[in-house]
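Novice: The primary structure of each chain is shown beneath.
Protein chains: 2
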Amino acid sequence: MTHAVRNDADSGTREALAQTKEASYAFRALEASVRNRALEALARRIEADRADWLAANRQDRDAAEGRLRPSLLARLKLDESKIRHIVQGVRDIAALPDPIGRVLERTRLDDGLILEKVTVPLGVIAMVFESRPDVLPQILSLALKSGNAVVLKGGRETLASNHAFMRIVEKVEDEVGELPAGWARLIDTREDFHELLRYPEYIDLVIPRGSNALVREISESTQIPVLGHTEGVCHVYVDGAADVGRAIKVAVDAKVQYPAVCNAAETLLVDDAIAARFLPEFETAAGARGIEIRGCPRTRAILPGAEPASEEDWRAEYLDLRLSVRVVDGVDAAIDHVNRYGSHHTDTIVTEDAGARESFVSRVDSATVIANASTRFSDGFRFGLGAEVGISTLRTHARGPVGLEGLTIYKYVLRGAGQVVADYVGENARPFVHEKL
Amino acid sequence: MTHAVRNDADSGTREALAQTKEASYAFRALEASVRNRALEALARRIEADRADWLAANRQDRDAAEGRLRPSLLARLKLDESKIRHIVQGVRDIAALPDPIGRVLERTRLDDGLILEKVTVPLGVIAMVFESRPDVLPQILSLALKSGNAVVLKGGRETLASNHAFMRIVEKVEDEVGELPAGWARLIDTREDFHELLRYPEYIDLVIPRGSNALVREISESTQIPVLGHTEGVCHVYVDGAADVGRAIKVAVDAKVQYPAVCNAAETLLVDDAIAARFLPEFETAAGARGIEIRGCPRTRAILPGAEPASEEDWRAEYLDLRLSVRVVDGVDAAIDHVNRYGSHHTDTIVTEDAGARESFVSRVDSATVIANASTRFSDGFRFGLGAEVGISTLRTHARGPVGLEGLTIYKYVLRGAGQVVADYVGENARPFVHEKL
Numbered sequence: 001m002t003h004a005v006r007n008d009a010d011s012g013t014r015e016a017l018a019q020t021k022e023a024s025y026a027f028r029a030l031e032a033s034v035r036n037r038a039l040e041a042l043a044r045r046i047e048a049d050r051a052d053w054l055a056a057n058r059q060d061r062d063a064a065e066g067r068l069r070p071s072l073l074a075r076l077k078l079d080e081s082k083i084r085h086i087v088q089g090v091r092d093i094a095a096l097p098d099p100i101g102r103v104l105e106r107t108r109l110d111d112g113l114i115l116e117k118v119t120v121p122l123g124v125i126a127m128v129f130e131s132r133p134d135v136l137p138q139i140l141s142l143a144l145k146s147g148n149a150v151v152l153k154g155g156r157e158t159l160a161s162n163h164a165f166m167r168i169v170e171k172v173e174d175e176v177g178e179l180p181a182g183w184a185r186l187i188d189t190r191e192d193f194h195e196l197l198r199y200p201e202y203i204d205l206v207i208p209r210g211s212n213a214l215v216r217e218i219s220e221s222t223q224i225p226v227l228g229h230t231e232g233v234c235h236v237y238v239d240g241a242a243d244v245g246r247a248i249k250v251a252v253d254a255k256v257q258y259p260a261v262c263n264a265a266e267t268l269l270v271d272d273a274i275a276a277r278f279l280p281e282f283e284t285a286a287g288a289r290g291i292e293i294r295g296c297p298r299t300r301a302i303l304p305g306a307e308p309a310s311e312e313d314w315r316a317e318y319l320d321l322r323l324s325v326r327v328v329d330g331v332d333a334a335i336d337h338v339n340r341y342g343s344h345h346t347d348t349i350v351t352e353d354a355g356a357r358e359s360f361v362s363r364v365d366s367a368t369v370i371a372n373a374s375t376r377f378s379d380g381f382r383f384g385l386g387a388e389v390g391i392s393t394l395r396t397h398a399r400g401p402v403g404l405e406g407l408t409i410y411k412y413v414l415r416g417a418g419q420v421v422a423d424y425v426g427e428n429a430r431p432f433v434h435e436k437l
Numbered sequence: 438m439t440h441a442v443r444n445d446a447d448s449g450t451r452e453a454l455a456q457t458k459e460a461s462y463a464f465r466a467l468e469a470s471v472r473n474r475a476l477e478a479l480a481r482r483i484e485a486d487r488a489d490w491l492a493a494n495r496q497d498r499d500a501a502e503g504r505l506r507p508s509l510l511a512r513l514k515l516d517e518s519k520i521r522h523i524v525q526g527v528r529d530i531a532a533l534p535d536p537i538g539r540v541l542e543r544t545r546l547d548d549g550l551i552l553e554k555v556t557v558p559l560g561v562i563a564m565v566f567e568s569r570p571d572v573l574p575q576i577l578s579l580a581l582k583s584g585n586a587v588v589l590k591g592g593r594e595t596l597a598s599n600h601a602f603m604r605i606v607e608k609v610e611d612e613v614g615e616l617p618a619g620w621a622r623l624i625d626t627r628e629d630f631h632e633l634l635r636y637p638e639y640i641d642l643v644i645p646r647g648s649n650a651l652v653r654e655i656s657e658s659t660q661i662p663v664l665g666h667t668e669g670v671c672h673v674y675v676d677g678a679a680d681v682g683r684a685i686k687v688a689v690d691a692k693v694q695y696p697a698v699c700n701a702a703e704t705l706l707v708d709d710a711i712a713a714r715f716l717p718e719f720e721t722a723a724g725a726r727g728i729e730i731r732g733c734p735r736t737r738a739i740l741p742g743a744e745p746a747s748e749e750d751w752r753a754e755y756l757d758l759r760l761s762v763r764v765v766d767g768v769d770a771a772i773d774h775v776n777r778y779g780s781h782h783t784d785t786i787v788t789e790d791a792g793a794r795e796s797f798v799s800r801v802d803s804a805t806v807i808a809n810a811s812t813r814f815s816d817g818f819r820f821g822l823g824a825e826v827g828i829s830t831l832r833t834h835a836r837g838p839v840g841l842e843g844l845t846i847y848k849y850v851l852r853g854a855g856q857v858v859a860d861y862v863g864e865n866a867r868p869f870v871h872e873k874l
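Order-wise, the sequence lines are chains A and B.
First residue of the first sequence: 1, per my numbering; consecutive thereafter.
First residue of the second sequence: 438, per my numbering; consecutive thereafter.
Hints were generated in silico from the structure; no laboratory data involved.
All C-beta atoms in this analysis are idealised placements derived from N, C-alpha and C, irrespective of residue type, glycine included.
Where hints are given, some of them may not hold.
What the hints assert, rightly or not - The following label-pair restraints were derived from C-beta to C-beta distances:
hint, chain 1, residue 1, chain 2, residue 2, range
1, B, 516, A, 212, 54 to 60 Å
2, A, 108, B, 521, 26 to 32 Å
3, B, 542, A, 436, 15 to 21 Å
4, B, 449, A, 108, 48 to 54 Å
5, A, 108, B, 516, 33 to 39 Å
6, A, 72, B, 864, 37 to 43 Å
7, A, 381, B, 791, 38 to 44 Å
8, A, 85, B, 545, 55 to 61 Å
9, A, 430, B, 481, 29 to 35 Å
10, A, 315, B, 532, 28 to 34 Å
Stated by the list, open to error - Below, computed lysine-lysine pairings styled on DSS-like, alpha-carbon distance capped at 25 Å:
hint, chain 1, residue 1, chain 2, residue 2
11, B, 514, A, 436
12, B, 519, B, 873
13, B, 554, A, 117
14, A, 117, B, 873
15, A, 436, B, 554
16, A, 436, A, 117
Said to hold, decoys possible - Covered stretches of chain A, going by a simulated chain B footprint (3 or more residues, C-beta under 8 Å):
hint, segment
17, 50 to 57
18, 151 to 162
19, 212 to 224
20, 406 to 417
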């Protein structure tokens, strides 16, 4: 591929990325046993060398003291208990089934001409992530497990912690011996990360973890596929045929169980047929949990105490206890609202009517569509994916909660015995068998 | 009804695309029976209304006469025999298994909490394609089968033919009744197509068919995923442990069976261990088929009559009878050459040695890797995919020959009985079952 001319001054980054791409060819060919051995070595080495890592983290925290909010300082802090969790996490990933080399399909094209579709690593993945010392070990473990080379940029508040962790990784490389130089590269500055976005020939996927603004900025500035999501504007729709008690329980959980995350509900849609019965009861339950309702005119006709909702509220990701509430005319109107205003992330219908349920499930164009359960279930661990790489609102490659599988693609492998296409065309062409094996 | 996008103001394009996105929500929810009924109606309507289409095509050809090469004029020509093939193609696509609504995985998260991963259409696909009257029916059939709305731009030499075909489609829409307005949209100008590339919110995938330059230009000017390939620089590597007769047969087929296409071989790599034995015999066979060899110095030491190859030859997609030939030191050097100079499309090893074969197969990072058969097998129909959407050198979503599956993605559907996440966290948390069903 050829790309736009670039500044010569960038050649340092370019060379480093070219080396990582080169390393990815050897890295992808490592046996599962080697990758799992590296994971086990990583777990042991974290335990053995944790003092250096903890000291570096103390340095990061001293520098951040007074500049970060207490909740962010708490996330920044590494301690013995977190390290135990991290080590367990590395071992859990080692124990997962190998995502590479799985034969997805096997087809006999003809006698002695066998086609396989086999999972392989993507190649090189670039990730930018928040200031938490536990993220780097998790990402490196996923990279080792999936055979992908990585280029990583952590939050600047964790610079010392992350470099200390890379010293642990270097010791693992020495111990294992077979990991090619450059397979995991840490970069320090935002500028270097932006530079990297200009090289689709070296980077196969970008995974940004962080604010919506960051994800959007990255998506808009690169031709490399970006796996992630910006807003999570999730809905709960209470259908006319809902069980009211169940609807209240689901709506409250979707809003309050963890309001600050992407799969929390932001908008409640209520079928006009049940609004007069449901809304007053919901208001009581919601009030008890601190939910602040912003209603459409029909909602406020039933709940006069609610604040009025504006057009912007239907697109708002509050990430707090505010909830917009709209009365709609049945499931079709609810589906239209969700497809128009939502972020195609996760949406729930509550109903006892199978027709309404299946209509919502098939016509709502979201990564995860739920019937009669909280939006908060939309999560890689809850879905049993083993490890969560992220939640994607892409419509290609990987969608919804993404596990290790999202870090893989397939290739076709055809094994023959000297066959040529000339024998399969024209007069007297040999037919293909196309038998699934 | 289907309308052409107005090309006067940006807002016209934007509104038209927004309408097509809207149509895609209804289109994706159509039952397979409706989509197949539309395909059957299309086949019948092409037969019934072919006179109008043929007349429009005659108009296109009259306009192109003298401006196009004879081979392109032949591609432009529609006749009764081509129409019979086209109608058969529509019926063949109708007969394929439904790509939508397939349950890829089913997991019990807990009692009465069942997760499904189900195939769904991507949404809206934009395609630009060459001046052939048979492409539009094929693409519209794939769109109907896969439940994707489409925005299409054909070559300008087929403008009248394509508009005549869209009149046939309008009659099908009237007959079937359930296809939402705007599901298939034809646009006439290159400017409008470029305008469309600015709307990732309305277009989910772009599939360019045409020159490498066109594919590259589109890839570099949009954030929308682009499925396709630019160069096809494909290799045949003749290993030291190859059967010489088999190697000659495969290499000649890969080069001459259809030199002008992307999966034809451009470079032949020969293991030094077999070069002195293989190359003279190959030169005789190649000469007889008109192959013109450009060799590296080691090749020319054995074949003094060959032209010298330059560094550029290793990256060249000749698409004719030229073939670059390089002597390399074994399978590792061959793999390095292929990964460095190739286009990650299709590459073949010829060898009787299982170790060399598996090394090449696992370490060559190409969409299709072949052992002991011609590169020309890399094709959706030969692979038994039923229909070929294109060949992709993307590393995400779909790779290699892409069938209908490449026009689909999945969503997660979770059906419960009122479950909330609060019950699955903290003290006394209910455990997840995660049983694969």
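Novice: Would you mind marking each hint as holding or not holding in the structure?
Specialist: Hints, one by one, checked against the model:
1. Restraint check, residue 516 of chain B to residue 212 of chain A: a C-beta distance of roughly 55 Å satisfies the suggested window 54 to 60 Å.
2. Checked against the hint of 26 to 32 Å, the pair residue 108 of chain A and residue 521 of chain B passes, with Cβ atoms roughly 31 Å apart.
3. The hint said 15 to 21 Å for the Cβ distance between residue 542 of chain B and residue 436 of chain A, and at roughly 19 Å that hint holds.
4. Checking the proposed 48 to 54 Å range against residue 449 of chain B and residue 108 of chain A shows it holds: the Cβ atoms sit about 52 Å from each other.
5. In this structure the supplied range 33 to 39 Å holds for residue 108 of chain A paired with residue 516 of chain B, their Cβ-Cβ distance being about 37 Å.
6. Between residue 72 of chain A and residue 864 of chain B the beta carbons are some 27 Å apart, a value that contradicts the proposed interval 37 to 43 Å.
7. At about 41 Å, the beta-carbon gap between residue 381 of chain A and residue 791 of chain B stays in the expected band of 38 to 44 Å.
8. With their beta carbons about 27 Å apart, residue 85 of chain A and residue 545 of chain B fall outside the hinted range of 55 to 61 Å.
9. In this structure the hint that residue 430 of chain A and residue 481 of chain B lie 29 to 35 Å apart at CB holds, the actual value being about 34 Å.
10. Distance hint for residue 315 of chain A and residue 532 of chain B: a CB-CB separation of about 43 Å, inconsistent with the stated range 28 to 34 Å.
11. Only pairs whose Cα atoms come within 25 Å are accepted, and residue 514 of chain B paired with residue 436 of chain A is rejected, the gap being roughly 38 Å.
12. Using a Cα cut-off of 25 Å, the hinted pair residue 519 of chain B and residue 873 of chain B is violated, with the two alpha carbons roughly 48 Å apart.
13. About 20 Å separates the Cα atoms of residue 554 of chain B and residue 117 of chain A, which keeps this hinted pair within 25 Å; it holds.
14. Between the alpha carbons of residue 117 of chain A and residue 873 of chain B the distance comes to roughly 23 Å, so the proposed pair stays at or under 25 Å and holds.
15. Between residue 436 of chain A and residue 554 of chain B the CA atoms are separated by roughly 23 Å; this keeps the pair inside 25 Å, and the hint holds.
16. Under the criterion of a C-alpha separation no larger than 25 Å, the hint pairing residue 436 of chain A with residue 117 of chain A is consistent with the structure, at around 12 Å.
17. Counting residues of the segment 50 to 57 of chain A whose CB lies closer than 8 Å to any CB of chain B gives 0, which falls below the minimum of 3, so the coverage claim is violated.
18. Counting residues of the segment 151 to 162 of chain A whose beta carbon lies closer than 8 Å to any beta carbon of chain B gives 0, which falls short of the minimum of three for the stated coverage.
19. Evaluation of the coverage hint for the segment 212 to 224 of chain A: fulfilled, as 4 residues show C-beta separations to chain B shorter than 8 Å, against a requirement of three.
20. As drawn, the segment 406 to 417 of chain A meets chain B at 9 residues by the rule of a beta-carbon pair under 8 Å; at three or more, the given contact holds.
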